[in-house]
Amino acid sequence: MSPFWKDILREINSTRNRFISLTLIALMGAFIVVGIHATATHMRDAADASYRRANLYDLQLRHPIGFTSDDVNAIREIEGVESAMATNIVDVYIYVRDNRRAMRTYSLPVLPEAINTPTLLEGRLPASYNEIAVERRLLREGGLSIGDEVILLGANLSVDSFTIIGVVNSPLYLTAVRGNTILGDGTLRYFAYLYPGTYNAPVYTDIYVIMEGSRDLHQVSHAYNAKALEWRREMEAVLADEIGGFVFTRQNGVAFESYFQDTQRLESVGYVFPLVFFLVAVLVSLTTMTRMVEEQRGQIGVYKALGYKSSAISMKYFMYALFSGLSGGVIGAILGSQVIPRVIFDAYGHLYTMPSSNHPFPWGLGAIAVLSAVVSVTAAVMFTCIRAVTEEAASLMRPKAPEPGKRVLIERIPFLWKRLGFISKVTSRNIFRYKRRFFMTLAGVAGCTALLVTAFGLGDSIGSVARLQFEDIIAYDAHVHTRELSYANQAELLVATMGADALFIRAMTVDAHTPVGGFAASVIIPEDIERLPSFVNLVSPRFGFLPSTVGDVAPTNDGVLVTEKLAREMGIRAGDDFTITLGDGWSHTVRAAEIVENYLLHYIYMSPEYYQSLFQRSPNLNGLFIVGEADIQSLRQHPSVLAVTNTAWMRDNLREQTDALGIVTIVLMVAACILALVVLFNLTEINILERMRELATLKVLGFQDIETAMYLYRENMVVTIMGIALGLVAGIFLNGFILTTVEIDMLKFPHIISPVSFVLASGISILFALVVNVITYRKLVAIDMVMSLKSVE
Amino acid sequence: MSYVIFENMTRDYKQGDINIRAIDGVNFELEEGKFSVIVGPSGAGKSTVLNILGGMDYATDGTVIVGGKDITKLGRRKRTIYRRDDIGFIFQFYNLIQNLTALENVELASHIRLSAANPAAILTEVGLADRLNNFPAQLSGGEQQRVAIARALAKSPKLLLCDEPTGALDYVTGKGILKILQEASQRGVTVVVITHNAAITPMADRVVKIKSGKVESIIDNQSPKPVSEIEW
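Chains as they are written, first to last, in the working numbering: chain A, 1 to 793; chain B, 1001 to 1232.
In case anyone wonders, no lab produced these hints; they're calculated from the structure. One or more hints might be untrue.
Claimed, not checked - Pairs of lysine-lysine residues, derived as DSSO-like cross-links and limited to a Cα-Cα distance of at most 30 Å, are as follows:
(1) B:K1014 <-> A:K790
(2) B:K1069 <-> A:K790
(3) B:K1225 <-> B:K1214
(4) A:K779 <-> A:K425
(5) B:K1014 <-> A:K779
(6) B:K1179 <-> B:K1158
(7) B:K1069 <-> B:K1209
(8) B:K1158 <-> A:K790
(9) A:K790 <-> B:K1214
(10) A:K779 <-> B:K1073
(11) B:K1225 <-> B:K1211
(12) B:K1175 <-> B:K1209
(13) B:K1158 <-> B:K1175
(14) A:K790 <-> B:K1078
(15) B:K1073 <-> A:K790
(16) B:K1158 <-> B:K1209
(17) A:K425 <-> A:K790
(18) B:K1078 <-> A:K425
(19) B:K1014 <-> A:K6
(20) B:K1175 <-> A:K790
(21) A:K779 <-> B:K1078
(22) A:K790 <-> B:K1179
(23) B:K1211 <-> B:K1014
(24) B:K1209 <-> A:K790
(25) B:K1073 <-> B:K1214
(26) B:K1225 <-> B:K1179
(27) A:K779 <-> A:K435
(28) A:K790 <-> B:K1211
(29) B:K1225 <-> B:K1209
This one's a predicted model, so the numbers in the text were calculated from it and none came from an experiment.
Model the full structure from these sequences, guided by the hints.
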């Protein structure tokens, strides 16, 4: 091995701590960047594989009166169509524990096209009339199992009694959301697959189409989405002339788009966090390498005097940083690609039905991460080395003059300065003496505190969303879904709810949209608008993380109340108009009078008067909210009742789902903690090394070890506290940004940070500062007075 | 009994497996309130003697008695108290804290010593009345050394230990510094100066010559010369 390499290896060995901390920071950055992006890629690839496996449709054609076999053949002939499969989709009622629920049945896809093939989980697929394959949720909620008999009520079925012979997942349903229907209260609960021959209608309700070239595209990508819109326009043009009907893409489906968006949200988190890490890496590397070059000025001078070129001398420091960045980057990339996708995919697994596929190492991404790690660590060497190696050999061999003392700003305010004790004066002057290290420590501590606040705050938001939605906002204990109620029915139901407070409502699921975007929303029209606030707390959205004011909004007669997230998705504010499209295809323009706080699903609250003005008739009531103890059992038995939704049950359900997201929080928190420790350790150590002489002087004067330590720690503590204060504020913003970024389609996270989180974040930062001070105390004690003071100044 | 007694003091340094004996059984005594000079060529071990006397280093063997107590027996904490209460140290390169003004450097000493002198008054005594608020970088070498002396004297030490105090200064300035030190000894402070410059030995009450880690000679001057009469 050449002396050059020996020198580098010995350097690494003798400055192990320094090398490790530099490497760790590079590692963390690569870990997060690869981990998060690999997860997003993995989620998209898993979906891509799953869509291909299921042979997922590109276009769905639907006709109000159905397609004939001739129509299907005509569509197969259209240029660009690869294959088309006619099918029947029929919504039916099914009784689940005495509740009548809406279920969508699909004709089982068959060869040759077999578009949208379900995945068999258990049992087998229907092979004859009166056989049905259902989803697991139906079995769980209905207390059913394979072999049980179910009765379906609906048109166009040749039989009504079916035996459950299999359990399936449908490629059409990625989440627990099943969408809307024209049956009942408009909410679809389940899906199921029937043998094709079971449907006895003379026409097909739908045609699923796969377009040529579709499978050449990644199925979950912007490219695919753009192409799909193009296909849709072309298909619409063709259909308009001959057959008629509507054309839908996957983006109109229930969750395809939100799944794609989730991966993109994850990616934006994956940009912000690593950015913080790499920025810190640059700062740490800058101080570390500056220190190293300064320590070795004499040696650099010797190399120069021996005739080494500047570039050759710099190479040593460059290689040192390169080794560090490279090893940190590679290890981080490998760990990140293996650990984070597992953890996060698992968390999202609670929300999406998406089988995990094997994920190969993301080479491109890994390369980018390693490169970023290397660049952020080595960039600093350029700065520090260029300055040093361009000096003359002779001047290099002379030690660098110490930085002269400077007056600080506060000294120019005699009123304050006079009041400070001697030690406080010294401390304040020292803090501002080493500006670069001061700002680095400040940035380091602030960054870590901000990350901790964000992580704890995410925990607060995720943890409180269920409580806020189902305890603070939804005040009713149960929502009874009924068919449209006659006056007699209403009276009977009122008797059944004796002892509890009840409010009759009209509920309907609509598609609320503006040109910006739109989502399925529930419109709630209470019979008596004055009483709505006792059942739903209608409040203005919170501003930032401040609590909202309660009960200050009510539906008016010239507009509706729109929940926060829906308004944001549609890009509207109070006073703007938007469109609602009902299940029957009719659209109405409505005005948003106010925006209200809400966290789960989208709601539109409308007064009966406003309904009257839109629809020219009064609302047909189809449900009631109940506050208090009601005889749910006798309610269920009433013939008009379809289902009862229990608020407590909804709350627990949501809690289960959101808990999974806490995992992401823990990943971020651990990363933030490691970062904090490394940065503080590094800076404190360098601080001691740079001021050896000063500290030795204090010792000679007779400062005890602890007094010498306090001389330094007082500075550290002041900067730490300043950093924490800054970090708490920055954390609020970072938290807000991250929350908006990670929100899933129908869920809005409250921007809440509890005081405990602030205290914990500050506490951990202080604890870390203390731990680092304790660790470096040994170094202070070990300072050799004789050696430190001997040299020339 | 003498104020400082070195008895058979030895100091070894380990460098890997090699044992280097810097001080080899040194014996000498210094009197209280006198001006002593330890002289010898560089590398003779005189700095080691001074560092051990000042509680900055420790002896491998033998005893060093200062004011009746054996300082080689002091623990880490006690030794720090000894440095704080009994010793004032002056270095060739001043070792001022760069980020503190002249006054603050002196305050640093008085801060840890209760029976300390008034910092401003001491600085005035060493002739720096109008330089109180200057940083070290704004002072000349001689001025910096005077701040260092003021900082040492501010603690009202019993022993003032000076390691080549004029080594980095020109002739005139160096003489000014020696004058201040001589005045200190006249006020009762025991002053020990180490130097390789034999020319200043006539001003000392006692001169200890050290060579190769051993005492070569001890000479007492019956009538030490004032600084102004010394030339080199």
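Hint check:
| no. | hint | in the structure |
| --- | --- | --- |
| 1 | B:K1014 <-> A:K790 | holds (18 Å) |
| 2 | B:K1069 <-> A:K790 | holds (27 Å) |
| 3 | B:K1225 <-> B:K1214 | holds (27 Å) |
| 4 | A:K779 <-> A:K425 | holds (25 Å) |
| 5 | B:K1014 <-> A:K779 | holds (21 Å) |
| 6 | B:K1179 <-> B:K1158 | holds (18 Å) |
| 7 | B:K1069 <-> B:K1209 | holds (25 Å) |
| 8 | B:K1158 <-> A:K790 | holds (23 Å) |
| 9 | A:K790 <-> B:K1214 | holds (22 Å) |
| 10 | A:K779 <-> B:K1073 | holds (24 Å) |
| 11 | B:K1225 <-> B:K1211 | holds (25 Å) |
| 12 | B:K1175 <-> B:K1209 | holds (21 Å) |
| 13 | B:K1158 <-> B:K1175 | holds (23 Å) |
| 14 | A:K790 <-> B:K1078 | holds (24 Å) |
| 15 | B:K1073 <-> A:K790 | holds (25 Å) |
| 16 | B:K1158 <-> B:K1209 | holds (23 Å) |
| 17 | A:K425 <-> A:K790 | holds (28 Å) |
| 18 | B:K1078 <-> A:K425 | holds (29 Å) |
| 19 | B:K1014 <-> A:K6 | holds (26 Å) |
| 20 | B:K1175 <-> A:K790 | holds (23 Å) |
| 21 | A:K779 <-> B:K1078 | holds (20 Å) |
| 22 | A:K790 <-> B:K1179 | holds (24 Å) |
| 23 | B:K1211 <-> B:K1014 | holds (20 Å) |
| 24 | B:K1209 <-> A:K790 | holds (21 Å) |
| 25 | B:K1073 <-> B:K1214 | holds (22 Å) |
| 26 | B:K1225 <-> B:K1179 | holds (11 Å) |
| 27 | A:K779 <-> A:K435 | holds (23 Å) |
| 28 | A:K790 <-> B:K1211 | holds (20 Å) |
| 29 | B:K1225 <-> B:K1209 | holds (18 Å) |
In this structure, every one of the numbered hints holds.
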